[in-house]
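**Q** This is what each chain is made of:
2 protein chains.
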Amino acid sequence: MGKTKLRMPKRTYQVRATRLREQLVQLQVELKHVPFKVLLILAGPEGAGRGNLLNTLAEWLDPRGVETFSYHAPTDEELAHPHQWRFWRSLPGIGRIGLYAGSWYTETLREEARSTRALGHIVEEAERIRDFEKQLADGGTLIVKIWLQISQEAQGRRLRTLRADPATAWRVSDEDWHHHRIYQRLAETARLIREKTDRPGARWTIIDSEDERARDLEVGRFLLTQFRQQQRRMARLVRAARPRRVESLRPSGLRRLQTLPLDQDLTEKDYDSLREKWLGRLNRAVRATLESGRSIVFAFEGWDAAGKGGVIRRLTSAIDPRDYRVIPVAKPTAEEKHAHYLWRFWRDIPRNGRMVVFDRSWYGRVLVERIEGFCREDEWQRAYAEINEFEQQLSAHGTVVLKYWLHVSHAEQLRRFREREATPHKRHKMNHEDWRNRRQRGAYEIAVGDMLALTDKERTPWHLVPADNKRYARLEVLRSASRQLEAALEQ
Amino acid sequence: MGKTKLRMPKRTYQVRATRLREQLVQLQVELKHVPFKVLLILAGPEGAGRGNLLNTLAEWLDPRGVETFSYHAPTDEELAHPHQWRFWRSLPGIGRIGLYAGSWYTETLREEARSTRALGHIVEEAERIRDFEKQLADGGTLIVKIWLQISQEAQGRRLRTLRADPATAWRVSDEDWHHHRIYQRLAETARLIREKTDRPGARWTIIDSEDERARDLEVGRFLLTQFRQQQRRMARLVRAARPRRVESLRPSGLRRLQTLPLDQDLTEKDYDSLREKWLGRLNRAVRATLESGRSIVFAFEGWDAAGKGGVIRRLTSAIDPRDYRVIPVAKPTAEEKHAHYLWRFWRDIPRNGRMVVFDRSWYGRVLVERIEGFCREDEWQRAYAEINEFEQQLSAHGTVVLKYWLHVSHAEQLRRFREREATPHKRHKMNHEDWRNRRQRGAYEIAVGDMLALTDKERTPWHLVPADNKRYARLEVLRSASRQLEAALEQ
Numbered sequence: 001m002g003k004t005k006l007r008m009p010k011r012t013y014q015v016r017a018t019r020l021r022e023q024l025v026q027l028q029v030e031l032k033h034v035p036f037k038v039l040l041i042l043a044g045p046e047g048a049g050r051g052n053l054l055n056t057l058a059e060w061l062d063p064r065g066v067e068t069f070s071y072h073a074p075t076d077e078e079l080a081h082p083h084q085w086r087f088w089r090s091l092p093g094i095g096r097i098g099l100y101a102g103s104w105y106t107e108t109l110r111e112e113a114r115s116t117r118a119l120g121h122i123v124e125e126a127e128r129i130r131d132f133e134k135q136l137a138d139g140g141t142l143i144v145k146i147w148l149q150i151s152q153e154a155q156g157r158r159l160r161t162l163r164a165d166p167a168t169a170w171r172v173s174d175e176d177w178h179h180h181r182i183y184q185r186l187a188e189t190a191r192l193i194r195e196k197t198d199r200p201g202a203r204w205t206i207i208d209s210e211d212e213r214a215r216d217l218e219v220g221r222f223l224l225t226q227f228r229q230q231q232r233r234m235a236r237l238v239r240a241a242r243p244r245r246v247e248s249l250r251p252s253g254l255r256r257l258q259t260l261p262l263d264q265d266l267t268e269k270d271y272d273s274l275r276e277k278w279l280g281r282l283n284r285a286v287r288a289t290l291e292s293g294r295s296i297v298f299a300f301e302g303w304d305a306a307g308k309g310g311v312i313r314r315l316t317s318a319i320d321p322r323d324y325r326v327i328p329v330a331k332p333t334a335e336e337k338h339a340h341y342l343w344r345f346w347r348d349i350p351r352n353g354r355m356v357v358f359d360r361s362w363y364g365r366v367l368v369e370r371i372e373g374f375c376r377e378d379e380w381q382r383a384y385a386e387i388n389e390f391e392q393q394l395s396a397h398g399t400v401v402l403k404y405w406l407h408v409s410h411a412e413q414l415r416r417f418r419e420r421e422a423t424p425h426k427r428h429k430m431n432h433e434d435w436r437n438r439r440q441r442g443a444y445e446i447a448v449g450d451m452l453a454l455t456d457k458e459r460t461p462w463h464l465v466p467a468d469n470k471r472y473a474r475l476e477v478l479r480s481a482s483r484q485l486e487a488a489l490e491q
Numbered sequence: 001m002g003k004t005k006l007r008m009p010k011r012t013y014q015v016r017a018t019r020l021r022e023q024l025v026q027l028q029v030e031l032k033h034v035p036f037k038v039l040l041i042l043a044g045p046e047g048a049g050r051g052n053l054l055n056t057l058a059e060w061l062d063p064r065g066v067e068t069f070s071y072h073a074p075t076d077e078e079l080a081h082p083h084q085w086r087f088w089r090s091l092p093g094i095g096r097i098g099l100y101a102g103s104w105y106t107e108t109l110r111e112e113a114r115s116t117r118a119l120g121h122i123v124e125e126a127e128r129i130r131d132f133e134k135q136l137a138d139g140g141t142l143i144v145k146i147w148l149q150i151s152q153e154a155q156g157r158r159l160r161t162l163r164a165d166p167a168t169a170w171r172v173s174d175e176d177w178h179h180h181r182i183y184q185r186l187a188e189t190a191r192l193i194r195e196k197t198d199r200p201g202a203r204w205t206i207i208d209s210e211d212e213r214a215r216d217l218e219v220g221r222f223l224l225t226q227f228r229q230q231q232r233r234m235a236r237l238v239r240a241a242r243p244r245r246v247e248s249l250r251p252s253g254l255r256r257l258q259t260l261p262l263d264q265d266l267t268e269k270d271y272d273s274l275r276e277k278w279l280g281r282l283n284r285a286v287r288a289t290l291e292s293g294r295s296i297v298f299a300f301e302g303w304d305a306a307g308k309g310g311v312i313r314r315l316t317s318a319i320d321p322r323d324y325r326v327i328p329v330a331k332p333t334a335e336e337k338h339a340h341y342l343w344r345f346w347r348d349i350p351r352n353g354r355m356v357v358f359d360r361s362w363y364g365r366v367l368v369e370r371i372e373g374f375c376r377e378d379e380w381q382r383a384y385a386e387i388n389e390f391e392q393q394l395s396a397h398g399t400v401v402l403k404y405w406l407h408v409s410h411a412e413q414l415r416r417f418r419e420r421e422a423t424p425h426k427r428h429k430m431n432h433e434d435w436r437n438r439r440q441r442g443a444y445e446i447a448v449g450d451m452l453a454l455t456d457k458e459r460t461p462w463h464l465v466p467a468d469n470k471r472y473a474r475l476e477v478l479r480s481a482s483r484q485l486e487a488a489l490e491q
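First to last, the sequence lines map onto chains Y and S.
In terms of the numbering used here, the first sequence has 312 at position 312, counting the first letter as 1, and numbering is strictly consecutive.
In terms of the numbering used here, the second sequence has 240 at position 240, counting the first letter as 1, and numbering is strictly consecutive.
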């Protein structure tokens, strides 16, 4: 591998590598017990030795704690989802290290080399990955991005040495030579991408790669120090966190909730005729939307026993069973608990031409998790912006997002709780948590109000549905869903 | 909903439905504590009320225990994988009920109605789903397949009634009328498909759907009885299971293992030159294979400390990091334990143009699981055939499957164990299980021998690699891999 000035002696390397390996293995043991993932992204020009470095890391690290990922040109399933879906779907498991071999960055540079991409497109992609990395980093993921640096001269030397020996000539491809010739241009683009994606929590680090031994040790040590820093950062955040009493951030939302009239009346007879009318209209709107290649996401939130299940069943009775899925959102599993809270929802986002109905949703972050203190204050405070960004990404892709809060009075809820407990086949729906949540009505009203005020956007509005009268609520959802879908079709 | 002779009175229905719901919810509670999944597949002609039935079930069952699935025309990701990949990827979680709304069957019938498919193609598909259902059923999954029957006359009556009322006319599509006109032809095809896929463990049950109330109750009750039967069947199997001492099924395999010479010699110098030569040849063979749109699967098995990791690192050093993934196979997670043992491997099967290296594999079923009694005798006995079928499905798709057993002598293994324990950064590789496995060398040799004899197929042969000499073993893998890939390319 190419002559280089003052190369580290093999002996020195071996001594240091041995010590480093012990520490890295120790890191992996600790990682199993800390609630964060590690993303190690390696990029750099040909000849910088990304492949060799990956092999060294594979040798140093315990393979059971490592997953490798590569981004290629998006598949049609990926193209049929919002852009960031492909990033969310390729993340390491809990307490594991994700090695991004052919990372998104490398792929973009290869494309650039074939100059099949406009610079504007690259910048756009860079901004997407930056937003994605920001959400992960804010969520506590450690992102280590390393750019392996090598001069054009050293690159040429290395390629020539490989080519000279018949046994190693195969390692040098025509593409390598092409990249060598346009070294400057690629370096320029790389610099631009790094600049666009260099943000707190996802900084780029440039490591000189002429001396492979020195490079491998430096990368390993850097990973270690970053890991220690992250541990301290997490510990500080946890120490700093202390429960506060729930106070309204946006009283306007609370007022909107509390002033909602709940005394609607609707006879069974009127309901039956109106229902079919609106089911028909909804059916046509949904079909038109899906056939136009767009997707639909329903998110239902509401008080316990507000009747979400009934509403969803009426709604779906108008839809072809092959076109939709209902996702009941329960407490997160162990795996989900350690993942970013949006991950499980990204997983279930529909592809173009499909519809998904979430029975409870990502808003749990600013409702139950806020009230019960399942997440820190800085986390739920940040969530409003993250959720708006998430929904913005969906609607930017053409997904129609419909959000409903089913509102029942404190008295009506009590009546339904008692009825459930008195009905054998409904009893399973009740547990002590329902009663505990009920006692916290005041705190929840504040959280719901803040949610309504802070996440009510023009393209992803909240529908506040009076639900003391079940028939009225069901009809109201059919009406507003039809209207929002029809409006979206006209855009 | 169309007049029908002697329809069940609403009151009777409600009383019975109430009792049924209690039992179904109870079923779901028990399901959480039994190690099997339930697949409920609903099919039948338009007007049989699949949609309404799904809604009723959604109301009766606790939604947190239900997942719905549909099969549509395969996506390109699905087409880029072996046929059955799409079935394996859409399965319910542990102790959950999978509702197959637009099941594979329905999709095929729709296609047939548009007569875009040749009958031969349908039969082929039917055979694939049959094999898939067989593996699941053998694995303990309860598969309930219900065909909702309705006469052409009743179908017409129902469609006309819906059309007559402007409020419900939208429920009848042109496709429905088309299907009504070709009722006989579709019924014929459906009968053929049911016949092809009606097998023990995945029987079809025809339920008359003219009276919707009677139908809903019958489906619910049928699900209950099937569930109880499955519970008893599982219990019987578990009772019947008793540990037996390990005896050889195929002595020929054991002889092949025990007579393998392990005294190969290879100097560092010879190794270095030969390695680059064969790395180059392997690199070309892999590139050619992937570029031809095929995929590659490596499966490495061998004694503890046989040097699998080292072999894999040498192997991959010749491959572009973006083209392959190494999957270290550890003990199954809780989720994986309850899934079919092949599920986790199906999940990681590469798409066309990619390569996956399994560090340990599905053969654990007939090795550690057999020896340690982690599965019942009937399970590991069946596994040889299931694994052959699995690998056959891969190679039928064009995937090249390369299987290696790295063989070290009992003495050499001991030397390596001691070395590992003496080396700080290797200590983590050792645990008491390695010593326990070592004490069972005899039993394992029998299991390995049976594996070699029963799963050594022409297109998926076992490569038995002498590994007392690490350099020789690494070279041997490079050689045989290059040759098998080159041979596959000529086919």
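Please keep in mind that the hints were generated in silico from the structure rather than gathered at the bench.
These numbers were taken from a predicted model, which means no experiment stands behind them.
Heads up, a few of these hints could be off.
Heads up, the list lumps identical chains together, so a pair's fine if it works in one copy or across two of them.
Straight-line distance between alpha carbons at most 20 Å, and here's what the computed DMTMM-like set of lysine to aspartate or glutamate pairs gives [stated by the list, open to error]:
#, residue 1, residue 2
1, 470, 369
2, 426, 263
3, 32, 335
4, 196, 76
5, 337, 208
6, 470, 175
7, 457, 348
8, 429, 30
9, 470, 272
10, 429, 336
11, 32, 336
12, 470, 195
13, 429, 59
14, 277, 211
15, 337, 291
16, 331, 276
17, 10, 211
18, 269, 153
19, 10, 348
**Q** For residue 426 and residue 263, with the copy left unspecified, which applies at a CA distance of at most 20 Å: within, between, both, or neither?
**A** Neither, since 26 Å and 72 Å both go past 20 Å.
**Q** One pair to classify: residue 10 and residue 211, alpha carbons no more than 20 Å apart. Within, between, both, or neither?
**A** within (11 Å within a copy, 83 Å between copies)
**Q** If the cutoff is 20 Å on CA atoms, where do residue 429 and residue 336 land: within, between, both or neither? Let me know, please.
**A** Intra 23 Å, inter 29 Å, cutoff 20 Å: neither.
**Q** What label fits residue 470 with residue 175 when the C-alpha limit is 20 Å: within, between, both, or neither?
**A** neither (66 Å within a copy, 34 Å between copies)
**Q** Have a look at residue 429 and residue 59 and pick one of within, between, both or neither, based on CA distance no larger than 20 Å.
**A** Cα proximity of residue 429 and residue 59: across copies only (12 Å, versus 51 Å in one copy).
**Q** Regarding residue 337 and residue 291, is the shortest C-alpha distance of 20 Å or less found within a copy, between copies, in both, or in neither?
**A** neither (36 Å within a copy, 40 Å between copies)
**Q** With identical chains treated as interchangeable, where does the CA-CA distance between residue 457 and residue 348 reach 20 Å or less: within a copy, between copies, both, or neither?
**A** Neither. Shortest intra-copy (22 Å) and inter-copy (40 Å) distances fail the 20 Å Cα cut-off.
**Q** Between copies, within a copy, both or neither: which fits residue 32 and residue 335 at Cα up to 20 Å?
**A** both (12 Å within a copy, 18 Å between copies)
**Q** Within, between, both or neither: how does the pair residue 429, residue 30 come out at a Cα-Cα threshold of 20 Å?
**A** Close across copies (16 Å), not inside one copy (40 Å); limit 20 Å.
**Q** When no copy is specified for residue 269 and residue 153, does a C-alpha distance of 20 Å or less occur within a copy, between copies, both, or neither?
**A** Neither, since 84 Å and 31 Å both go past 20 Å.
**Q** I want to check one pair: residue 277 and residue 211. Are their C-alpha atoms no more than 20 Å apart within a copy, between two copies, both, or neither?
**A** Result: close neither inside a copy nor across copies, 74 Å intra and 25 Å inter.
**Q** 20 Å Cα cut-off: does residue 331 pair with residue 276 within a copy, between copies, both or neither?
**A** neither (35 Å within a copy, 54 Å between copies)
Figure legend: structure checked against the earlier numbered hints; hints not met, in rising order: 1, 2, 4, 5, 6, 7, 10, 12, 14, 15, 16, 18 and 19.
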